[in-house]
Amino acid sequence: DAKTTQPDSMESTEGETVHLPCSHATISGNEYIYWYRQVPLQGPEYVTHGLQQNTTNSMAFLAIASDRKSSTLILPHVSLRDAAVYHCILNSGGSNYKLTFGKGTLLTVTP
Amino acid sequence: GGIITQTPKFLIGQEGQKLTLKCQQNFNHDTMYWYRQDSGKGLRLIYYSITENDLQKGDLSEGYDASREKKSSFSLTVTSAQKNEMAVFLCASSIGGLQDTQYFGPGTRLLVL
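Which chain is which? The protein sequence lines are X and S, in order.
So that you can map any letter, position 35 of the first sequence is 35 in the numbering used here, and since no number is skipped, the others follow by simple counting.
So that you can map any letter, position 106 of the second sequence is 106 in the numbering used here, and since no number is skipped, the others follow by simple counting.
Partial pick of chain S residues on the chain X-facing surface, computed with a CB cut under 10 angstroms:
hint: 1; residue: K9
hint: 2; residue: D100
hint: 3; residue: Y103
In silico DSS-like cross-links for lysine-lysine, where the CA-CA straight-line distance does not exceed 25 angstroms:
hint: 4; chain 1: S; residue 1: K41; chain 2: X; residue 2: K103
hint: 5; chain 1: S; residue 1: K83; chain 2: S; residue 2: K22
hint: 6; chain 1: X; residue 1: K69; chain 2: X; residue 2: K3
hint: 7; chain 1: X; residue 1: K98; chain 2: S; residue 2: K57
hint: 8; chain 1: S; residue 1: K18; chain 2: S; residue 2: K71
hint: 9; chain 1: S; residue 1: K22; chain 2: X; residue 2: K98
hint: 10; chain 1: S; residue 1: K70; chain 2: X; residue 2: K98
In case anyone wonders, no lab produced these hints; they're calculated from the structure.
Here a beta-carbon is modelled for each residue, glycine too, at the ideal position from N, C-alpha and C.
Bound-form chain S, shown alone (with noise of 0.2 angstroms):
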């Protein structure tokens, strides 16, 4: 088996900082995934990443930057962070290829004050 940990489990932040958040999996997996989940809502892709240094766009990557400089570690940063969010960011990992399982961290739950 493996964990995935994911640092801050609790981000506040101010309007307008750059706040960034940590995944690490100890899977040996290829793919890694960043989603955000909204309080009611379903997941939404930002980010994810098939193989070390590779970054591909999900469906709500804008205000949002990625980076995979390890195999076993995927960040995510919020460029601008908006007055009043608040949102839970979830990393995830896959071994690789289609339809491979996706394994969740805990999740960063983020504030904006």
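This is chain X alone, in the form it adopts within the complex (with noise of 0.2 angstroms):
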């Protein structure tokens, strides 16, 4: 069961600054919050992740709820270079060491 909650696709346009959502309304006290993106015929990518501060960094900033039951990823001044599936997810860690990646957000930037 995926535990966390993304909407299918957003779709912005080049120099917008782009809000993309995600619920995990179960996370537990020890579960890092992740975000990666994967473009076609790439690997996934790192953008950025945090427990329970919000985390900024030169990708995108990660604003996290005061309850840690959602979080938004936010790209300012998206270019054609961020469309890409974008993907929260959840890590705990310990002798879990695998990450769970659902389908994820597909952004489509268009100029």
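Starting from the two chains in their separate frames, assemble the complex, guided by the hints.
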């Protein structure tokens, strides 16, 4: 069973700021929220991750709700290169090393 | 930064054939992984290795062997390719330890005729 819920697709225009939502209502206290993105013929690319606090890096801003039951990946000023499937996943580490990817959100960017 | 290299990029095999996929990383990461990705599905973990010469089975290990002879390399063998099988095999690595970020290679695309 998927532990995260994301919209199947979202559309944007170049230069816009995009908000990609993710719901994880049953998240455990030791689970980190990870975001990866994937384009055809490439492996998944790490975007960002967080536990409780909002995080930011050169690629994106991750906003995590105070109850940790949802998060939003914010992509500022998207370009055509940001078009990809974005995966929101939970990773608790420990003896469970595997990452479980769902279908993710297909982000389409138009000129 | 570092990079993960997977060879070959494309692999075409025959039914029943033994096929080997290779993965190299120069991150100096301890842990390496092999995943399988089928069209329209998520990732499934085949094998992982937390250090040189270590092997741990994932959810999909049946039909596969793996080998971690060096810290920087992790190979996967399909012991008997299945007819009409088509999938992408992804190698990843992480520093090691709990909740570490996994970095992925570009994948090897397998087609069995």
